[in-house]
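A.B. asks: Here are the chains, one letter per residue:
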Amino acid sequence: MLVEEIMNQNVQYLTKTDTIEDAIHTMNQYRIRHIPIVDKEKKLIGIVSDRDVRDASPSIFHAEEHLEDFKKPLKEIMVYPVVTAHPLDFVEEVASVLYEHDISALPIAADDDTLVGMITETDILHTLVKLTGAHQPSSQIEIQVHNVAGQLADVAGIFKERGVNVTSVLVYPHTNPEYKILVFRLQLMDPREVINVLKEEGYHIKWPTGPEVHP
Amino acid sequence: MINNSVFIYSEEQLTYKFNDDHPFNHIRLQLTKDLLQDMNALSSTQLLAPRIATDEEIGLIHDPGYIDAVKKCGHGGLSIGIANNYGLGTEDVPMFANMHEASALLVGGTLQAVEEVMEGRAAHALNLGGGLHHGFRGKASGFCIYNDSSIAIEYLRKVYGMRVLYIDTDAHHGDGVQWAFYEDPDVCTLSIHETGRYLFPGTGTVNEKGQGKGFGLSINVPVDAFSEDESLLEMYETAVWEVADFFKPDIIVTQNGADAHYYDPLTHLSASVRFFKEIPRIAHEIAHDYCDGKWVAVGGGGYDIWRVVPRAWSFIWLEMEEKLEEATGPLPTSWHKKWQPHAPVKLPEAWEDPSSLYPPIPRRDEINEKNHKTLEKALFHIRNERK
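Top to bottom, those sequences are chains A and B.
Our numbering puts the first residue of the first sequence at 1, with every later residue one more than the last.
Our numbering puts the first residue of the second sequence at 1, with every later residue one more than the last.
It is worth saying that the hints were derived from the structure and are not from the lab.
A virtual CB, placed ideally from N, CA and C, is assigned to each residue, including glycine.
Just so you know, not all the hints are guaranteed correct.
[Unchecked claim] Here are the simulated lysine-lysine pairs, PhoX-like style, with alpha carbons at most 25 angstroms apart:
no. : chain 1 : residue 1 : chain 2 : residue 2
1   : B       : Lys248    : B       : Lys387
2   : B       : Lys377    : A       : Lys130
3   : A       : Lys40     : A       : Lys16
4   : A       : Lys130    : A       : Lys160
5   : B       : Lys139    : B       : Lys158
6   : A       : Lys206    : B       : Lys370
7   : A       : Lys75     : A       : Lys40
8   : B       : Lys139    : A       : Lys160
9   : B       : Lys209    : A       : Lys130
10  : A       : Lys130    : A       : Lys180
11  : B       : Lys213    : B       : Lys377
12  : B       : Lys139    : A       : Lys130
13  : A       : Lys75     : A       : Lys42
14  : A       : Lys180    : A       : Lys160
15  : B       : Lys17     : B       : Lys338
[Unchecked claim] Estimated spans, in silico, between C-beta atoms of each pair:
no. : chain 1 : residue 1 : chain 2 : residue 2 : range
16  : B       : Glu385    : A       : Ile158    : 46 to 52 angstroms
17  : B       : Lys387    : A       : Glu92     : 42 to 48 angstroms
18  : A       : Pro173    : B       : Pro332    : 56 to 62 angstroms
19  : B       : Gly161    : A       : Asp69     : 48 to 54 angstroms
Input sequences plus hints: build the corresponding full structure.
C.D. replies: See the structure below:
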C-alpha cells in the first residue's frame, strides 16, 4: 500500500510570516497538532508542532503576560529541515520512519519539495486496523504450521475449495522458530466445517479451542 | 393500564430457510409456540399473524439496490458474482426461493409488534422470527438479510418520535443495529456478547462508543469466552440498569439471541438456561420502570434449536405474561411426545438444566476478573457523566 492512498490531501499549512496566534487558531479549528510551513510556491520549508507552540507560550501562571509573543512570526519557532516522505513510499516504510524519529506526523512532499499531503500516526494505525480486517464482519481462526514453504497456500486452498472468502491474513512468528502462526479472518459466521476439514488434514488449530487454554 | 401481550407468529415465518444443513432454522419458532401452548400459556387470542413489510418500510434502513438484489436472488435472477457483492449467495447467506418475501415477513412481524405496543393494543409484543441483527444497509451478513430491529427502531423514531433503547444479548455482537444508529442521539444500543477476538463478527469492542451526536450511546460489553451464568448475569444486570437510568428511554427493544448456551455449537460462553430466564425478567422491570411498560422483544441467534431455544424463548413470553414461575419442573409430556421423534438429540426433561451440564471451567477467577475490567471500561463514560 502506498502513502498516497492513505495520506490526507487537504492539508492545513501556513507561511513563515504567519503568527504563532494563527498557528494556535489553525490547530484548534482543525484539531491538528502539526502545521507544515511553506513558501509562496508551496514548497516545504519547516514544520510547527503543538509542542513548539506550547514552548513559545507563557506559562498558565502568567497567562496574561507577554501576550506580544503570540504576534511573533512562525519562522522564529518552526523546525527545519523537516523529515518528510514521498507519495510513492510504502506505508510500512513510513511507519518505521515515524518510529525511528519518534515523531507523530510526516509532511508528504513531491520531488521538488512541493507539499502534497500529510500523514499522522493515527492514519497509520487506522490503516493497520484495516489491514487486519478487524473492521469487517468475520471469524478469526489461528493455525500453527511448520515453518516451511507452501503452508499458507495449502491452507488457503482448503478455503478456496469451500468457497470461503478470506477477509485478511497475518503470518506471525512462533516462539519456536520451527513453527509459524497463520491468522485468518474469514467472512463466515459458522466456521465449524472449515475447522473440521483443517483438523482432518492434520492442522493444529490454536483457536477455537477448549476452556483450559488462554486464548 | 394495558397489561396484555401479543405473540406474533405464523407458519409462513418458517419459510425463512436457507437449506436443510444450515444452522439457522426457524423451526425453533414452532417448537417454542408448541411448548407454550402445551403448557396452556398461549391462547389463540394472543396470537397475531405477521404482515409483509413494504419496500418503503424496508427502505427506512436498506438501499433500494440491495432490496432489488434480494428480490432477484429469490427468483434466480442474479449472477453469483453480483450476489456476492451484496453478501448474498455466500456460505452464511445462501440464496433460496422467495427470499425477499420470507425476509420481508420477518420485518413485518417486528413492525407489527411495534404497532401493537405504540397503538396501545398491548403493553408488550414478541416477534421471535425477528432479531436479525447482522443485516447492513446494503449487505447481508451472518445469516441475516433484512435488519428488522433497525427498521423497527427507525420506524419508532420516524412515526412515533420515540427514544429507543436497544438491548442485545445474542452471543454475537449486534453490529448491524449499532452501525445503523452510530451517530443517532435518540437511539442507544447496548450489546453484551462474546468477545470478537475470535468470534464473528469480530467487532463490538468497548471503544466503539458512537460518533458525533451519538457519542456515548453505543455501549459494548464484550465478555470472555467461557464466562458462565454468574458472570454473564452480573455484566447484563449492571449494564442494563445503568444504561437505562442514563438514557431514560421511551421504549425498549430487546434482541434475545439464545446462542450463549453451553450446548450452542457456534459460541463459547457456557451459559445455562438460567441466564435466559433472568434476561427477560430484568428487561420487564426496566420496561415498567422507565417506559410505562413499552417493550418489544425479538428473537435472534440460537443454534441448538432442540434443547436450548424453545425453553429460552418461552421464558420471554412467560415473563411478559407474568407466569415465569410456571416454568419449573418437567416439560409438558405432550410436547415431548410430539417432537422427540423429530429431534436428533434427546430433548431436555425439565425447564432447568442439570447442575452437571458441563465440566467445571478452569481459569474461572481470571475470566471473572477480566469481565469486571471490561464492564468498568464499557460504562466508564456513563458513570463519569453522572458524577
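A.B. asks: With reference to the structure, classify each hint as holding or not holding.
C.D. replies: Do the hints match the structure? See the list:
1. B:Lys248 - B:Lys387: Holds. Lys248 of chain B to Lys387 of chain B sits at ~17 angstroms (cutoff 25 angstroms).
2. B:Lys377 - A:Lys130: 24 angstroms, holds
3. A:Lys40 - A:Lys16: 10 angstroms, holds
4. A:Lys130 - A:Lys160: OK: Lys130 of chain A and Lys160 of chain A at ~22 angstroms, within 25 angstroms.
5. B:Lys139 - B:Lys158: Holds, because 23 angstroms separates the two Cα atoms, which is no more than 25 angstroms.
6. A:Lys206 - B:Lys370: 21 angstroms, holds
7. A:Lys75 - A:Lys40: 14 angstroms, holds
8. B:Lys139 - A:Lys160: 22 angstroms, holds
9. B:Lys209 - A:Lys130: Given that 25 angstroms is the threshold and the Cα spacing comes to 19 angstroms, the pair holds.
10. A:Lys130 - A:Lys180: Satisfied, since the Cα-Cα distance of roughly 22 angstroms is no more than 25 angstroms.
11. B:Lys213 - B:Lys377: Holds: Lys213 of chain B and Lys377 of chain B sit about 20 angstroms apart, inside 25 angstroms.
12. B:Lys139 - A:Lys130: Holds, at about 19 angstroms.
13. A:Lys75 - A:Lys42: 15 angstroms, holds
14. A:Lys180 - A:Lys160: Between Lys180 of chain A and Lys160 of chain A the Cα gap is close to 21 angstroms, so the pair holds against 25 angstroms.
15. B:Lys17 - B:Lys338: Holds, at roughly 22 angstroms.
16. B:Glu385 - A:Ile158: 46 to 52 angstroms: 49 angstroms, holds
17. B:Lys387 - A:Glu92: 42 to 48 angstroms: Cβ of Lys387 of chain B to Cβ of Glu92 of chain A: about 44 angstroms, so the range 42 to 48 angstroms holds.
18. A:Pro173 - B:Pro332: 56 to 62 angstroms: 57 angstroms, holds
19. B:Gly161 - A:Asp69: 48 to 54 angstroms: Because 53 angstroms falls inside the window, the suggested range holds.
Going through the hint list in order, the structure satisfies each hint without exception.
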